[in-house]
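For reference, the chains in residue letters:
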Amino acid sequence: MHSRRKGSEWLQQIVFTGPGQLFFFVIVLVPFLLGFYYSFTDWNGLDLDKANWTGLSNIQKIMTDDKLWASLWFTIRFAVVTVITVNVLAFLLAVLLVQPLKTRKALRTVFFMPNVIGGILLGFIWQFIFTKGFNTVGELTNIPFFQLPWLGTDTTAFWGIVIVFVWQTAGYMMVIYIAALAGLPKDLLEAARIDGAGYWDLLKSVMIPLIMPAITICLFLTISNAFKTFDLNLSLTKGGPGTSTQSLAYNIYAEALNNNRYGLGTAKAMLFFFCVSLITITQVWITKRKEVEA
Amino acid sequence: MERALEKYTGKLFIFEIISIILGLMFLAPFYFVLVNSVKTLGEILTDAASLPAIFHWGNYSKVWDIINFPKILFNSFQITVISVIGIVLISSMTAYRLVRRPTIYNKILFNVFIASMIIPFQSVMLQLVRVTSILELRGNLFGIVSCYLGFGLALSVFLFHGFIKTVPMEIEEAAVVDGCTPFGVFFRIVFPLLRPIMVTVTMLNCLWIWNDYLLPVLVIGSNKELLTIPLAITKFFGQYTKQWDMALAGLAIGVTPIIVFFLFLQKYIVEGITAGSIKG
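Protein chains in written order, with my numbering: chain A, 1 to 294; chain B, 1 to 280.
No lab work stands behind these hints, which were simulated from the structure alone.
Predicted model only: the values in this text are computed from it and were never measured.
There's no promise every hint is true.
Stated by the list, open to error - Calculated pairs, DSS-like style, for lysine-lysine (alpha carbon to alpha carbon, straight line, at most 25 Å):
{"no.": "1", "chain 1": "A", "residue 1": "6", "chain 2": "B", "residue 2": "224"}
{"no.": "2", "chain 1": "A", "residue 1": "61", "chain 2": "A", "residue 2": "50"}
{"no.": "3", "chain 1": "B", "residue 1": "107", "chain 2": "A", "residue 2": "132"}
{"no.": "4", "chain 1": "B", "residue 1": "11", "chain 2": "A", "residue 2": "186"}
{"no.": "5", "chain 1": "B", "residue 1": "107", "chain 2": "A", "residue 2": "288"}
{"no.": "6", "chain 1": "B", "residue 1": "267", "chain 2": "B", "residue 2": "71"}
{"no.": "7", "chain 1": "B", "residue 1": "224", "chain 2": "A", "residue 2": "238"}
{"no.": "8", "chain 1": "A", "residue 1": "204", "chain 2": "B", "residue 2": "224"}
{"no.": "9", "chain 1": "B", "residue 1": "267", "chain 2": "A", "residue 2": "102"}
{"no.": "10", "chain 1": "B", "residue 1": "235", "chain 2": "A", "residue 2": "228"}
{"no.": "11", "chain 1": "B", "residue 1": "267", "chain 2": "A", "residue 2": "105"}
{"no.": "12", "chain 1": "A", "residue 1": "228", "chain 2": "A", "residue 2": "61"}
{"no.": "13", "chain 1": "B", "residue 1": "224", "chain 2": "B", "residue 2": "235"}
{"no.": "14", "chain 1": "B", "residue 1": "235", "chain 2": "A", "residue 2": "132"}
{"no.": "15", "chain 1": "A", "residue 1": "238", "chain 2": "B", "residue 2": "235"}
{"no.": "16", "chain 1": "B", "residue 1": "62", "chain 2": "B", "residue 2": "242"}
{"no.": "17", "chain 1": "A", "residue 1": "238", "chain 2": "A", "residue 2": "228"}
{"no.": "18", "chain 1": "A", "residue 1": "186", "chain 2": "A", "residue 2": "228"}
{"no.": "19", "chain 1": "B", "residue 1": "11", "chain 2": "A", "residue 2": "288"}
{"no.": "20", "chain 1": "B", "residue 1": "11", "chain 2": "A", "residue 2": "105"}
{"no.": "21", "chain 1": "A", "residue 1": "186", "chain 2": "A", "residue 2": "204"}
{"no.": "22", "chain 1": "A", "residue 1": "102", "chain 2": "B", "residue 2": "11"}
{"no.": "23", "chain 1": "B", "residue 1": "165", "chain 2": "B", "residue 2": "62"}
{"no.": "24", "chain 1": "A", "residue 1": "238", "chain 2": "B", "residue 2": "11"}
{"no.": "25", "chain 1": "A", "residue 1": "132", "chain 2": "B", "residue 2": "242"}
Said to hold, decoys possible - Residues from chain B that keep clear of chain A, each with C-beta distances beyond 10 Å, as calculated:
{"no.": "26", "residue": "167"}
{"no.": "27", "residue": "196"}
{"no.": "28", "residue": "268"}
As the list claims (entries may be wrong) - From the structure, some residues in chain A lie toward chain B, with a derived Cβ separation under 8 Å:
{"no.": "29", "residue": "10"}
{"no.": "30", "residue": "12"}
{"no.": "31", "residue": "24"}
{"no.": "32", "residue": "28"}
{"no.": "33", "residue": "34"}
{"no.": "34", "residue": "98"}
{"no.": "35", "residue": "110"}
{"no.": "36", "residue": "125"}
{"no.": "37", "residue": "133"}
{"no.": "38", "residue": "184"}
{"no.": "39", "residue": "262"}
Beta carbons are placed, not taken as given, at the ideal position from N, Cα and C, and that holds for glycine.
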C-alpha cells in the first residue's frame, strides 16, 4: 500500500512536471549552462569537438574590442533616454485617459496598437517614414525637424530608434499605469482634495507612492526591453551608419553569425547576461523599497 | 458628489483635444503606409503625404503572390496556435504540481523557472543553435514549437502558480472523496477554474510568438516551407528596399492579421497584460 502510494506520487510528479522540465531544460537551461563553457573556447559554431579551450583569451579580446564598448555605450544611452521618455509619456497618457473623455476608449486602442506589431515590421514601416515620409512633410511645412537626415547620421539615427521604441512601448506601459490609476482608492483622493491638495501635491504625495508597484513593473519592462533591443536596430538601421546604432544584442548576433566567432560571441553573451541581471535586479530592489500599502 | 465630478467641463474638453491630437500623431505612420501602398513608385517619390490620384491595388495582388501570403499566414498561425496550446497545457500542469506538492525539489525548480526569466535570449541563442541541430529540431515544426515551449514556460508557470495559490483546496478534496483520480481532479476541476489567467497566458504568448523574428531565423533557417510572416516580410523587404510601392503593400499585408486579431480581442489583450503585470 505504502509503495503504491509512492509510485502514484512519482507518476504524478512525472506526468505533471515532466514535459515542462524536459522542454525547459533542453531549450533554456542546458544551452545557458553550455554558454559558460563555450565562453572560454574558440568555438566556430560548427562542431563541439573543434571548440578548443582558450582560457581567458576571449575576455582579453573583449577588453580591447572597441566596437563592443561602443555598443555598450549606445545601449546605456538608449536605455536611459527611452526609459525616461517612455514612462513619462505613458504616465501622461494614462492620466489623460482615465479622465471621463468621450474618445478615451478609442484613444486607448490607438496608443496601444503599435505594440501588437512586432519590432521588425515597425522598423521597416519607420524606415519609410524617416526616409520618404518626413522629407515630404518637411517640404510641405518647412519645419526643420522633418528635414533632418534621419537615419543618415549617428545622432539622428540614434534618435530615430528612440522615437520608434517610444512609439512602440508607450502604449503598453500606459495600459499598466491606467490599471494602477483606476485602482486608486477614490475616498483617499477625495480626502486629500478636501484638505486642499492641488493636483501636483496629489500626484506627488498620494498617487505616485500608491502606484509604485506599477512603476516598478514598468521600469523593469522598459529597462530590460531597452537593453535587449535587437529587432529595431536590425530593421531600421542595420546598426548603421557604420556601427553607431549597434546595440549590445545586435553586436553579439553580428559577432557570431557574420564573423563565425561563436566562442567570442558566447563570451559577450554571458557578459550581457550579467549586465542585464545586475541592472534589472538593482532597479527592482530600489523601487520595491519605495512601495507603500494603501 | 461623484456625479458632479464626472460632469463634462471645459477642462475635460481641452484634455480631449490634446488627447485626440496625440492620437492622430500616433496613427500617422499607419496613414503613410496605407496611402503609399496604393500609389505608383513615381507618385510615392514625388509626394508621400497626399492621397493617391488613382488606387493601384495591383501592388497588393503582386505582393500577395510573391510572398505567397496564404502559406506564410498559415505557417505563422500554425506555429503560434500549437505553441500556445502547448504552453497553456504544460505550464498549468507544472504550476499545479509545484503549488500542491511543495517538496524541496519542486521549490528549487520553481525558483529556477523564475530566475531564468532574466536570461536574455541572446545569451542562449548560439548554444541553442548547437543543441537544436544535435537533436534534429532545426527546420521542422516540432523543433520551432519545442523552442517556444521552452522559452514560454517560465513566465507562464509563474502566472499560473500565482493564480492556483488562490484556488481553494476544498473543492479538490471533495472531488477526491467522490472518487476522482489526481489527473481527473486537475483536468475536470482545476483546469476549468484557471480560465482568467489562461486568457493572460494565451494573449501574452500569442503576441510574442506571432511577432518573433530571431528564433525562427535561427531555428527554421532556410526551410522555405515554414517561413513565418516576419521572416517572409524581412526577406521580401531586402529584395525590394528601393521599390517602396511593393515594400509598403507587403508591410500592410504583413501587419493586417495581427491588427485584426487585436481589434477583435483587445478587451482580452488589455486584461491579459494588466493581470500579467500586476502578478509580476
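Legend entry - Hints that the structure is at odds with (numbers, increasing): The structure conflicts with hints 1, 3, 6, 8, 18, 19, 23, 24, 29, 34, 38, although it agrees with all the remaining ones.
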